[in-house]
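Q: Residues 1 to 568 (my numbering) make up the sequence shown, in order.
Derived from the structure by calculation, the hints contain no laboratory data. There's no promise every hint is true.
[Stated by the list, open to error] Within a straight-line C-alpha distance of at most 35 Å, the following computed DSBU-like cross-link-like pairs (lysine-lysine) qualify: (1) LYS265 - LYS481; (2) LYS94 - LYS77; (3) LYS481 - LYS408; (4) LYS265 - LYS284; (5) LYS94 - LYS120; (6) LYS284 - LYS408.
None of these values were measured; they are calculated from a predicted model.
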Amino acid sequence: MRSESPSTSGQHVLHGIGVSAGTVHGPVAIVSTAIGVDSSEAPSHDPEGDSATVQLAMQRVAEQLRARAERSSGNAKDVLSATAQLASDRGLLKTVTGHLRNGEGITSAVHNAVGEYAEKLQRLGGYMAERVTDLHDVRDRVICELRGEDAPGVPELSEPSILVAKDLAPAETATLDPAIVLGIITEEGGPTSHTAILAAQLGIPAAVKVSGIVQAAHTSDELALDGGAGMVLVDPSATEITELGERSARRTALLSGSHGQGLTKDGRHIALLANIGSAADATKAAALDLEGSGLFRTEFMFLDRQDAPSVEEQTDTYTRVIESFGSRRVVVRTLDAGADKPLAFTQMPEEENPALGIRGLRLGMRKQELLDTQLEALSRAYRATHGDLWVMAPMVADVDEAHYFAQKVRALGLPKVGVMIEVPAAALRASRVLREVDFASIGTNDLAQYTMAADRLNGELAGLLSPWQPAVLEMISFACKGGATTHSHIGVCGEAGGDPLLALVLVGLGVTSLSMAPKKVAAVRASLAMHDCSRCQEMAQAALDSSTAAQARDAVISMADPAVRDLL
1 MRSESPSTSG
11 QHVLHGIGVS
21 AGTVHGPVAI
31 VSTAIGVDSS
41 EAPSHDPEGD
51 SATVQLAMQR
61 VAEQLRARAE
71 RSSGNAKDVL
81 SATAQLASDR
91 GLLKTVTGHL
101 RNGEGITSAV
111 HNAVGEYAEK
121 LQRLGGYMAE
131 RVTDLHDVRD
141 RVICELRGED
151 APGVPELSEP
161 SILVAKDLAP
171 AETATLDPAI
181 VLGIITEEGG
191 PTSHTAILAA
201 QLGIPAAVKV
211 SGIVQAAHTS
221 DELALDGGAG
231 MVLVDPSATE
241 ITELGERSAR
251 RTALLSGSHG
261 QGLTKDGRHI
271 ALLANIGSAA
281 DATKAAALDL
291 EGSGLFRTEF
301 MFLDRQDAPS
311 VEEQTDTYTR
321 VIESFGSRRV
331 VVRTLDAGAD
341 KPLAFTQMPE
351 EENPALGIRG
361 LRLGMRKQEL
371 LDTQLEALSR
381 AYRATHGDLW
391 VMAPMVADVD
401 EAHYFAQKVR
411 ALGLPKVGVM
421 IEVPAAALRA
431 SRVLREVDFA
441 SIGTNDLAQY
451 TMAADRLNGE
461 LAGLLSPWQP
471 AVLEMISFAC
481 KGGATTHSHI
491 GVCGEAGGDP
501 LLALVLVGLG
511 VTSLSMAPKK
521 VAAVRASLAM
531 HDCSRCQEMA
541 QAALDSSTAA
551 QARDAVISMA
561 DPAVRDLL
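Make a model of the complete structure from these sequences and hints.
A: See the structure below:
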């Protein structure tokens, strides 16, 4: 995407993918890389003894991560706990032992075993592939333990700085202090990675996939970052810093005046909601000026466990989430796991193409006890709170699946039942699918992946995955037309909902609510207040009429109120 920041040219301008808005400048702090294997180590002559040494190192790393998790909350706690589980993985230790028995040195065995494990996760795709960064973090920490060195990661910061890294482990991102970490720039990673999501939730401006940033950081004293546009200025000039500062001040002023319901300039209500993943997230989000939660990702209760959470455990969590928001809306997505996020207790076989396999509702239809337990827990939580509870199923493809889910939900007396529209088939046939349910929520990340036939974890295909792709917008338009035909609510809960510019297009297409990282709500609310519905519709049509994602965005920004540029 092109930046709407100060006009700049030359080699000192680098571009990537903006994942957390904000403009900052400051000194560089480079995240230290792993020390790697010990090149002088001898082959293992005592595989069992060396295996015990590795096991002890893994245990220490797991304990360190769990201790950090206990000091954290929300998604940060979930991510750290999940990474600690990887450090305790028996299968990983078994693979290390196999390498030791083949005569490899102790640190080489760890490095190569993790490489094998990482390949397996990559083949699984989806959520599991996203955990490769976590796994590499565990590898590096274990090798440092074995070599008696400090773990790699964020240096001790003596002044507010911008962090630069090849990639930043979620375990590191989760515990960053926004008061001293001005921004985050990585050379790798993706817009849906743990690191990107955590940065947005922490409110730290961030950009990923910034090619050449690590090399540039080693030879520069200062960086300027536009986290919305994904633009980095290396050794910015005084003029550029002044322009960025002025833009930041304008943005702060716009956000400070952003309060209350989401309303267009002519008074159309667009509910602005938060994406959450835990009861702790709900508590934090509920304290903010927003209208509820448009996506509660319940799978974090299920992942990295040997058995499914009980109905009592789930009921307690759902009750706490609903109570946090009081009378405000809470949209719960049932378990979104399966081939792309394998669960140990489902005993499902590996699949050749997990992104197109048994995941989401497809898993619930085959393991009905999982879905039935979850819906029973939601029913109990609703009866205990009488909150504004909406329940939706992920990965719904056709009318039969929507009908199956709706029957189950309504049989338990839950008030609102819906589906996720992530599959092009559901978007194209939305008018029929929505006859079975009360509402739909569009997951733009997966919808882009399936529409463009581009793996959302492949950084080289990031351009195809842009929600600005006219074909993706066309799919959203089909879904909204289906909603208009059936008088159904249509929301968006993918990352696209938190883009202040794209939000205008989504409203123009017919979307009635937007759910996003809580920190993004104020900017979207301010953007909506600058534009009436007819202008949003004109912008939506201009985007649909464009040939490319870049042209679509350029067309819309040329039609938007100039002040919106300060929100990006």
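Q: Hints numbered earlier in the text: which of these fail when held up against the supplied structure?
A: none
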